[in-house]
Amino acid sequence: MSWMDDLYVIYQKLDATGCEEVKHDILKAQIDGCNHGEIYFLVLQQLVQIKAAKAPVYELIKGEVENIIHCSKGQYLN
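Just so you know, we're using our numbering here: the sequence shown kicks off at 9 and counts up by one.
Source of the hints: derived by calculation from the structure; they are not laboratory data.
Errors might be hidden in some of the hints.
Derived PhoX-like pairs: lysine-lysine, alpha-carbon spacing no greater than 25 Å straight-line [claimed, not checked]: (1) Lys62 to Lys21; (2) Lys62 to Lys31; (3) Lys70 to Lys36; (4) Lys59 to Lys31; (5) Lys21 to Lys59; (6) Lys21 to Lys70; (7) Lys70 to Lys59; (8) Lys31 to Lys21; (9) Lys36 to Lys21; (10) Lys59 to Lys36; (11) Lys70 to Lys31; (12) Lys36 to Lys62.
Derived Cβ-Cβ restraints for the label pairs, each shown as a range [claimed, not checked]: (13) Glu46 to Tyr16: 13 to 23 Å; (14) Lys70 to Ser10: 25 to 35 Å; (15) Pro64 to Asn43: 29 to 39 Å; (16) Gln38 to Glu74: 16 to 26 Å; (17) Thr25 to Gln57: 10 to 20 Å; (18) Glu29 to Lys70: 17 to 27 Å; (19) Val56 to Val17: 25 to 35 Å; (20) His44 to Val17: 30 to 40 Å; (21) Cys42 to Glu67: 26 to 36 Å; (22) Val17 to Gly41: 24 to 34 Å; (23) Pro64 to Cys42: 31 to 41 Å; (24) Ile77 to Asn43: 17 to 27 Å; (25) Asp13 to Phe49: 14 to 24 Å; (26) Gly45 to Tyr16: 28 to 38 Å.
Just so you know, even glycine gets a beta-carbon here, dropped at the ideal spot from N, CA and C.
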């Protein structure tokens, strides 16, 4: 499973719980990226901000966020 698949699940969960603003912030980070690595970094940065500022929302998507970190760690963080 790719990190983009987990991101899609995050979007579905945010839609289902009425967290459109959070989804919009993540989508903006995704769109602002120029390449796959930069998109990953910007999305990850946004997810970290959600963890700090919106803990209840983060708890909803925590599993997928952890998957994104672990799935792509070897590709982008080496």
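Hint check:
Between the alpha carbons of Lys62 and Lys21 the distance comes to roughly 15 Å, so the proposed pair stays at or under 25 Å and holds. For the hint linking Lys62 to Lys31, the alpha-carbon distance of about 12 Å falls within 25 Å, and the restraint holds. The suggested pairing of Lys70 with Lys36 holds, with an alpha-carbon distance near 20 Å, which does not exceed 25 Å. Using a Cα cut-off of 25 Å, the hinted pair Lys59 and Lys31 holds, with the two alpha carbons roughly 14 Å apart.
In summary, the hint linking Lys21 to Lys59 is supported, as the alpha carbons are separated by about 15 Å, within the 25 Å threshold. For the proposed pair Lys21 and Lys70, the alpha carbon gap of about 11 Å is at most 25 Å, so the pair holds. Between Lys70 and Lys59, the direct Cα distance comes to roughly 9 Å. Compliance with the 25 Å bound is thereby established for this hinted pair. Proposed proximity of Lys31 and Lys21 is supported: the alpha carbons are some 9 Å apart, at most 25 Å.
Restraint check for Lys36 and Lys21: satisfied, since their Cα atoms lie roughly 17 Å apart, inside the 25 Å limit. Note on Lys59 and Lys36: the hinted pairing holds, with a Cα-Cα distance of about 17 Å set against a maximum of 25 Å. For the hint linking Lys70 to Lys31, the alpha-carbon distance of about 14 Å falls within 25 Å, and the restraint holds. Between the alpha carbons of Lys36 and Lys62 the distance comes to roughly 17 Å, so the proposed pair stays at or under 25 Å and holds.
Between Glu46 and Tyr16 the beta carbon distance is about 19 Å. The supplied range of 13 to 23 Å therefore holds. Taking the beta carbon of each, Lys70 and Ser10 are about 19 Å apart, not inside 25 to 35 Å as hinted. Restraint check, Pro64 to Asn43: a C-beta distance of roughly 33 Å satisfies the suggested window 29 to 39 Å. Here the CB-CB span from Gln38 to Glu74 is close to 18 Å, well matched to the stated 16 to 26 Å.
Checking the proposed 10 to 20 Å range against Thr25 and Gln57 shows it holds: the Cβ atoms sit about 18 Å from each other. Restraint check, Glu29 to Lys70: a C-beta distance of roughly 18 Å satisfies the suggested window 17 to 27 Å. At roughly 18 Å, the beta carbons of Val56 and Val17 sit outside the given window of 25 to 35 Å. Between His44 and Val17 the beta carbons are some 19 Å apart, a value that contradicts the proposed interval 30 to 40 Å.
Look at Cys42 against Glu67: about 31 Å separates their beta carbons, and that is inside 26 to 36 Å. Under the hint 24 to 34 Å, the C-beta atoms of Val17 and Gly41, about 19 Å apart, miss the expected range. A beta carbon spacing of about 32 Å between Pro64 and Cys42 agrees with the range 31 to 41 Å that was offered as a hint. Distance hint for Ile77 and Asn43: a CB-CB separation of about 19 Å, consistent with the stated range 17 to 27 Å.
The beta-carbon spacing between Asp13 and Phe49, approximately 18 Å, falls within the hinted interval of 14 to 24 Å. At about 19 Å, the CB distance of Gly45 to Tyr16 disagrees with the hint of 28 to 38 Å.
Hint violations for this structure: numbers 14, 19, 20, 22 and 26, all remaining hints satisfied.
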